[in-house]
Amino acid sequence: MTLISQTTSSGTRRCDARCYNGKGHRCKCICGGKNHGAGLQTAAENTREMAKELLEMDGTAVATELLEQIKEWEEARGSA
Numbered sequence: 036m037t038l039i040s041q042t043t044s045s046g047t048r049r050c051d052a053r054c055y056n057g058k059g060h061r062c063k064c065i066c067g068g069k070n071h072g073a074g075l076q077t078a079a080e081n082t083r084e085m086a087k088e089l090l091e092m093d094g095t096a097v098a099t100e101l102l103e104q105i106k107e108w109e110e111a112r113g114s115a
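Quick note on my numbering: the sequence shown kicks off at 36 and runs consecutively.
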């Protein structure tokens with residue numbers, strides 16, 4: 036499962052099972068090593084937190100609405 040993906044004219048970088056199930060200390064993916072070897076569950080939580088941080092830095096109306104939706108989702112599942 037791909038958790039993060041970035042596509043540019045140079046190609047696509049992603050964080051997927053090769054990273055979050057990775058062994059050793061070397062990570063070249065888009066997460067910058069945050070998810071490396073963490074397992075799917077922890078990597079998904081890390082990715083959610085990274086996304087929230089980026090949205091908070093953005094400050095636009097769309098970002099604010101997305102943050103509110105994330106908060107509601109977290110409250111509904113009891114993880115806020």
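The hints are simulated quantities; they were obtained by calculation from the structure and are not laboratory data.
Any given hint could be a false lead.
[What the hints assert, rightly or not] Below, simulated DSS-like cross-link-like pairs (lysine-lysine); rule was C-alpha separation at most 25 Å, straight line: (1) K106 with K87; (2) K58 with K69; (3) K69 with K106; (4) K87 with K63; (5) K87 with K69.
Just so you know, these numbers come straight off a predicted model, no measurement behind them.
Which of the numbered hints are not met once you compare them with the structure shown?
-> Nothing - there is no hint that the structure violates, so all of them hold.
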